[in-house]
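K.L.:
As a plain string of letters, each chain reads:
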Amino acid sequence: MNLSIAKQMVAADFLKIRKRIGNVLTASLLACGPVVIFFVVRAAQHSSNGLKYPPAGGVDGFTDALRLLAVFFGPLAAILIGVDAGAGDSAAGVFRDLVVTGRSRLALFASRVPAALGLSWLVASAGYAIVLAGTYVFASGAPTPNAALALKGFGFTLLAVGVVSTVAVGLASLMTSRPAALTTFIGWQLVASPIIAGISSLGDSRRIVLSQAIVHFSPVHFGDRRSVSMPAGTAVLVLALWLVVFVSLGAWRTRTMDA
Amino acid sequence: MPVDTPDSANLAVETVGLTKRFGARAAIEGIDLQVPRGSAFGFLGPNGAGKTTMIRTLLGLTQPSAGSMRLLGLPCPAERSQALRRVGAIVEEPRFHPQLSGRENLKIIAAARGPEVHTRIGPSLDRVGLTERSDDKVKRYSLGMRQRLGVARCLLADPLLLILDEPTNGLDPAGIHEFRVMIRAMVEEEGRTVFLSSHLLAEVERICDHAAIVDLGHVIAQGRIADLVGGAERHELIVEVDDEERALGLLRDNDRVTGAHRSDDGLRVVLAGGPEDAAAINALLVSAGLAVSRLEPVRRTLEQRFLDVTSKLGESESESEGEGAGVRA
Chain A
1 MNLSIAKQMV AADFLKIRKR IGNVLTASLL ACGPVVIFFV VRAAQHSSNG
51 LKYPPAGGVD GFTDALRLLA VFFGPLAAIL IGVDAGAGDS AAGVFRDLVV
101 TGRSRLALFA SRVPAALGLS WLVASAGYAI VLAGTYVFAS GAPTPNAALA
151 LKGFGFTLLA VGVVSTVAVG LASLMTSRPA ALTTFIGWQL VASPIIAGIS
201 SLGDSRRIVL SQAIVHFSPV HFGDRRSVSM PAGTAVLVLA LWLVVFVSLG
251 AWRTRTMDA
Chain B
260 MPVDTPDSAN LAVETVGLTK RFGARAAIEG IDLQVPRGSA FGFLGPNGAG
310 KTTMIRTLLG LTQPSAGSMR LLGLPCPAER SQALRRVGAI VEEPRFHPQL
360 SGRENLKIIA AARGPEVHTR IGPSLDRVGL TERSDDKVKR YSLGMRQRLG
410 VARCLLADPL LLILDEPTNG LDPAGIHEFR VMIRAMVEEE GRTVFLSSHL
460 LAEVERICDH AAIVDLGHVI AQGRIADLVG GAERHELIVE VDDEERALGL
510 LRDNDRVTGA HRSDDGLRVV LAGGPEDAAA INALLVSAGL AVSRLEPVRR
560 TLEQRFLDVT SKLGESESES EGEGAGVRA
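In order, the protein sequences belong to chains A and B. All the letters of the first sequence, read from the start, carry residue numbers 1 to 259 under the numbering used here. All the letters of the second sequence, read from the start, carry residue numbers 260 to 588 under the numbering used here.
Treat the hints with care, as some may be off.
[As the list claims (entries may be wrong)] Here are a few chain A residues that face chain B, going by a calculated C-beta distance under 7 Å:
hint	residue
1	Lys16
2	Ser90
3	Val94
4	Val99
If you're looking for bench data, these hints aren't it; they were derived computationally from the structure. All values derive from a computational prediction rather than experimental measurement. Glycine residues also receive a C-beta, built at the ideal position from the N, C-alpha and C atoms.
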């Protein structure tokens, strides 16, 4: 398969998920809505009582908004998009028609990942633009992040969203069912992961939790009591493990399943 | 590997002992199929006979449990990817991404098939008469329009072989007629091979020139439709006369007749020779002073042949089961 075909296949997968307007709107709302609400509420509080409530923007506002986007809602948006990319063909019953083209099943799987990454990053970038805008617009004289921190924050957002989106593609390709993959991954991220991270008796084994490894790369300290510290090498290893395992499982299922 | 015979090159589909089992149950078993190139081939069978499983196995959508196959002369699965480049298929009902337009759905498939295929999107839509609605979302298409879009999707491959699973399902009579004309044109004018599964016998008889009859996962008969319909070359007449009793006596004593009996629509007369004996039978009856008001050859239909062979299979199945054999001979 040459580069031109690969590009066309990625563009085709991007078209499929981009045109699921409801899904894209939900993902965009998840990525942008909470950040907007956060700044609006904080700005309103600050304007009502500037002594009691700090400015909505500045470094503090940036830290909280980044956490909201990159740790909570951005990954949720990425799950929606990744799952759609991973299970969309099967859900629509079109996978068999793609197989009948003679194109290798691995190529069919592989094109889903960049498509999901592209849309997830697009949505997350919109969210991050709001984070930056709020950070500077509502600084009210408080110190603001320098360009390097702003850039690192963007990189962290892309990393968090990208890893989750890719894992979601693999999981959804493995399960071939949107509802099942969504329930499993969101349940893991929102319910299981915080619980596991909070059980201190589990010790270092909690490092395997994806969101904990992602948080390690944050350019700002979120001050979460339940965060599990780990060396950078371990965090890289955990992320790589999640990616390799789920991408492999998704590829294996796509290659072997009855279409 | 399939056996290489001089005929292999002339076959669009060739299977040897193709079997697909789901657990202990065989959906298709030991299928030997030969689909000549440039033919419209009907794969006939009642619901649950294994037609869709056969198509899915041919296309590599599911792995066979045993046997071998060739598509367009290429061994599968070894060279399936290459073979499928010139194969278009509709499996079960055509499915699409509902959020995309007809044209966008074709773009998705074109992207997987290769850059040169994009130029065929317009002509394919034209061919099935969907150009005007091609930018509408597929979720607004009727079933008939989806069937046509499915055919357009097949045409993207510029297929040498079209595999269509129950393609007239959901089409109205005008749509079925249109479809029939299109298939015949593809075969006769463009030299494509069409492999068409159906349980609609009359439809297959009208569209196809070759057929295989499948039941309970086995091919019972295959060949040219004319040969299949002819069955064991039995030539039969329906005769209406004013005195059936006398006519029966005369006919049963005649060497040209191997059997004669009453039926609802007159006397049924089985000829020893060919249809040319009908004139002699007429002369025999008239010369005996009988008034012959009707003398008509019985035209066997594919449906009769189908019912003959499938019911026989059903009977032998029941007998086998009754004897506790459980295994088809």
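K.L.:
For every hint, state whether the structure bears it out.
P.N.:
Verification of the supplied hints:
1. Lys16: Constraint on Lys16/A satisfied, holds at 6 Å.
2. Ser90: violated (10 Å)
3. Val94: Holds. Min distance 6 Å.
4. Val99: Result: holds, 6 Å to nearest chain B Cβ.
Of the numbered hints listed earlier, the single one contradicted by the structure is hint 2.
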